[in-house]
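Engineer: If you want the building blocks of each chain, they are given just below.
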Amino acid sequence: MLGNTHPYILLYASIAVSAVILVCVYLLSKNNVKAGLYSFFARNIFTVGLIMLVLSVLFQTVYQINHYFKDDLKLLRVPLTTKKTGIFKTPYEFAVNAKKTVTGSRSAELITDMNINRGGGATAYHSLAYFLYPIDIKVRPAYEPVDTCIMFYKKNAVKYVPEGFYPVYRSGDMGVVAIRKEKPCRF
Amino acid sequence: MVFILGVPVLAGAIFYKCLFPGENPFSPGSLSVSFGAGMGILGQVMLYTGMFHRGINILNVTFWMGTAAAVCLLVYLRKCVLKKPAAVPDTGRTLPGARASLAVKVLAACATVYIATYVFYVFMHALTLPVFGWDTIASAGFKAKVIFNERSIRHLKYFPNASFPLQLPFMMAWFNIVLGKWNDQYVKIFFPLVFMSFVIVFYGFLRKCTTRMWALLGVALLFSSNLFIAHGTISYRDLLMLYYNVCCIMFLLEWSRTKDDSYLVLTSFFAGFGASTKLEGYVYVLVYILLFTMFLAMKNELRKGLAAKCVKFSVPALSMSLPFVLYKAFNGVMVNQKFVIDTSIDYLSRIISTLLRFNESLFLTANWNILWFIMIVSSLANYKKFRADLKITALAVSVLAFFAIHICVAVFTVNYEQLLATVTLPRVILHFFPLSVLLIVLLNYRAEV
Numbered sequence: 025m026l027g028n029t030h031p032y033i034l035l036y037a038s039i040a041v042s043a044v045i046l047v048c049v050y051l052l053s054k055n056n057v058k059a060g061l062y063s064f065f066a067r068n069i070f071t072v073g074l075i076m077l078v079l080s081v082l083f084q085t086v087y088q089i090n091h092y093f094k095d096d097l098k099l100l101r102v103p104l105t106t107k108k109t110g111i112f113k114t115p116y117e118f119a120v121n122a123k124k125t126v127t128g129s130r131s132a133e134l135i136t137d138m139n140i141n142r143g144g145g146a147t148a149y150h151s152l153a154y155f156l157y158p159i160d161i162k163v164r165p166a167y168e169p170v171d172t173c174i175m176f177y178k179k180n181a182v183k184y185v186p187e188g189f190y191p192v193y194r195s196g197d198m199g200v201v202a203i204r205k206e207k208p209c210r211f
Numbered sequence: 130m131v132f133i134l135g136v137p138v139l140a141g142a143i144f145y146k147c148l149f150p151g152e153n154p155f156s157p158g159s160l161s162v163s164f165g166a167g168m169g170i171l172g173q174v175m176l177y178t179g180m181f182h183r184g185i186n187i188l189n190v191t192f193w194m195g196t197a198a199a200v201c202l203l204v205y206l207r208k209c210v211l212k213k214p215a216a217v218p219d220t221g222r223t224l225p226g227a228r229a230s231l232a233v234k235v236l237a238a239c240a241t242v243y244i245a246t247y248v249f250y251v252f253m254h255a256l257t258l259p260v261f262g263w264d265t266i267a268s269a270g271f272k273a274k275v276i277f278n279e280r281s282i283r284h285l286k287y288f289p290n291a292s293f294p295l296q297l298p299f300m301m302a303w304f305n306i307v308l309g310k311w312n313d314q315y316v317k318i319f320f321p322l323v324f325m326s327f328v329i330v331f332y333g334f335l336r337k338c339t340t341r342m343w344a345l346l347g348v349a350l351l352f353s354s355n356l357f358i359a360h361g362t363i364s365y366r367d368l369l370m371l372y373y374n375v376c377c378i379m380f381l382l383e384w385s386r387t388k389d390d391s392y393l394v395l396t397s398f399f400a401g402f403g404a405s406t407k408l409e410g411y412v413y414v415l416v417y418i419l420l421f422t423m424f425l426a427m428k429n430e431l432r433k434g435l436a437a438k439c440v441k442f443s444v445p446a447l448s449m450s451l452p453f454v455l456y457k458a459f460n461g462v463m464v465n466q467k468f469v470i471d472t473s474i475d476y477l478s479r480i481i482s483t484l485l486r487f488n489e490s491l492f493l494t495a496n497w498n499i500l501w502f503i504m505i506v507s508s509l510a511n512y513k514k515f516r517a518d519l520k521i522t523a524l525a526v527s528v529l530a531f532f533a534i535h536i537c538v539a540v541f542t543v544n545y546e547q548l549l550a551t552v553t554l555p556r557v558i559l560h561f562f563p564l565s566v567l568l569i570v571l572l573n574y575r576a577e578v
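Protein chains in written order, with my numbering: chain A, 25 to 211; chain B, 130 to 578.
Derived by calculation from the structure, the hints in this document are not laboratory data.
Everything numeric in this text was worked out from a predicted model, so none of it was measured.
The reader is advised that the hints may include incorrect statements.
[Unchecked claim] Calculated pairs, DSBU-like style, for lysine-lysine (alpha carbon to alpha carbon, straight line, at most 30 Å):
1. A:Lys-124 / B:Lys-310
2. B:Lys-208 / B:Lys-441
3. B:Lys-310 / A:Lys-107
4. B:Lys-310 / A:Lys-113
5. B:Lys-441 / A:Lys-123
6. A:Lys-123 / B:Lys-310
Construct the entire structure; sequences and hints are all you get.
Structural biologist: In structure tokens, the structure reads:
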């Protein structure tokens with residue numbers, strides 16, 4: 025029945041129930057109920073809240089320690105590139121391979137079918153831009169003529185290589201790096 | 130690593146010594162403030178180097194850092210040698226607790242183990258994974274890469290989120306410039322260090338107001354927030370903003386207690402560094418002005434030399450934050466893209482949804498545990514203390530002011546949807562969240578425990 029209830033609502037509810045019980049105990053044990061009821065109530069709510077906090081902190085800490093020994097400790101010996109591949113997947117792999125083929129600082133245009141403004145497309149776009157750098161698909165094209173074309177997640181990518189460019193790296197059907205003909209790259 | 134951290138920390142330590150000649154600059158508390166100050170100075174030096182189109186490289190940055198440190202040293206020498214030695218400010222006052230019972234000792238030991246566990250976790254987790262947060266990859270980290278590669282900010286107007294301050298990109302770029310190549314993993318060292326520095330400053334502040342036991346409990350309460358711990362391990366600007374922002378409030382409270390104007394100058398510098406970290410930093414200055422005015426109004430002895438105090442409080446902050454604003458304006462970059470007034474909607478219709486969203490974020494997420502709830506209950510249980518203790522009143526006023534700022538931003542600006550997004554709202558609350566813990570501790574503090 026409580027399966028779908030928000031855990032923090034349960035927490036506050038249990039604090040409220042404890043408070044009601046405390047007030048009942050107070051009312052039963054005192055003759056002059058008005059005197060000190062407010063401060064008794066507030067203090068005890070505070071104490072119950074603190075106990076709940078300590079309990080949740082205990083669970084939290086056990087979870088964190090468990091997580092650390094289960095996952096983090098294993099990652100200590102994993103090479104950085106493997107970790108990055110695991111986190112960023114295709115954009116990272118594509119960027120690393122592209123940079124093996126095309127070196128140096130470049131002004132590049134991205135041609136893609138992804139929606140780079142929202143959701144997964146945006147994440148992939150920013151990861152790609154970050155790892156491709158100094159092949160710059162974000163800043164440099166705004167003030168310098170494009171000398172490189174990056175086709176990433178573009179169906180039949182080779183078809184879309186603009187005139188005057190030729191492909192130098194291909195990653196399946198969806199990824200191509202092309203450079204301008206008059207600017208030979210060092211590879 | 131020694132050079133990467135050593136240069137800014139040394140500059141920060143000299144700056145700190147210049148403000149507080151009587152203090153040991155190598156005590157943990159001083160070093161923690163020096164670290165933040167040093168990083169702030171580093172950011173400013175890199176900004177000026179970039180603005181004047183000098184190459185942002187080791188030589189230039191170290192030279193200007195050295196010059197800044199030399200100026201501080203001269204001020205220090207003028208204070209200590211040419212004039213009479215300055216009186217040692219009352220900054221190390223600590224309240225003695227009653228003789229601790231066994232239960233209190235056990236509690237203190239548990240809190241220490243708990244705190245140590247999390248500090249270890251934060252350092253290990255931060256340095257195990259490379260940068261991966263959205264903001265770092267999309268904005269701060271990318272800008273740092275551009276600065277690292279071009280050694281300039283010439284093309285600032287084409288940067289993603291060009292109006293955002295550059296403190297974090299500068300820090301990341303500095304790390305990699307000194308290293309000589311880009312490293313995505315160890316560049317995160319700044320974040321656990323900022324985390325640790327903040328915790329030490331926070332503990333030091335509580336230790337001056339309460340006993341060791343209560344200060345430890347305060348830090349333990351702080352650590353019960355999942356989001357605070359998480360931000361020690363990721364590479365977002367919010368932790369740095371929290372550090373500068375909450376330090377400003379604590380320094381202002383210290384100023385009102387000790388009447389030592391050095392705290393006022395430090396607040397002003399940190400306000401400037403905060404404004405160089407996030408756009409919110411500019412608006413948070415309003416809260417510092419509010420507290421400053423409140424202290425002046427409520428304490429007659431603080432009003433002596435008012436004009437000098439106003440200069441000390443305003444000039445450093447303005448000189449830290451205005452140049453970048455002007456640089457942006459002259460380079461065709463919007464000065465503050467987050468605070469554009471939205472004229473297209475009915476503001477009142479937004480208020481309820483904004484308040485509901487704040488309510489959800491404060492009380493129904495695991496980010497803060499139940500700390501906000503405990504703060505409210507503590508306030509109700511100890512409401513008489515608000516009148517009795519100016520510190521508590523000032524803290525409550527600042528918490529309310531921070532909420533008011535963000536509610537107003539949500540209701541009146543185009544930033545409405547973005548601010549109330551699931552991931553954004555907790556991040557802005559994080560900037561002032563430790564004030565809730567300060568309030569809990571100070572409201573419940575009993576000298577006999």
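Engineer: Please verify whether Lys-124 of chain A and Lys-310 of chain B have alpha carbons no more than 30 Å apart.
Structural biologist: Within the cut-off at roughly 16 Å; holds.
Engineer: Is Lys-310 of chain B within 30 Å of Lys-107 of chain A, Cα to Cα?
Structural biologist: Holds, at roughly 19 Å.
Engineer: Assess, step by step, whether the Cα of Lys-441 of chain B is no farther than 30 Å from the Cα of Lys-123 of chain A, and give holds or violated.
Structural biologist: Measuring from Cα to Cα gives roughly 51 Å; hence the hint is violated.
Engineer: Under the criterion that the straight-line Cα-Cα distance not exceed 30 Å, is the pair Lys-310 of chain B, Lys-113 of chain A satisfied?
Structural biologist: OK: Lys-310 of chain B and Lys-113 of chain A at ~23 Å, within 30 Å.
Engineer: Keeping to a limit of 30 Å between CA atoms, is the pair of Lys-123 of chain A and Lys-310 of chain B held or broken?
Structural biologist: This hinted pair holds, its Cα atoms lying about 15 Å apart.
Engineer: Given the hinted pair Lys-208 of chain B and Lys-441 of chain B, is their alpha-carbon gap at most 30 Å?
Structural biologist: holds, 16 Å
Hint violations for this structure: number 5 only, all remaining hints satisfied.
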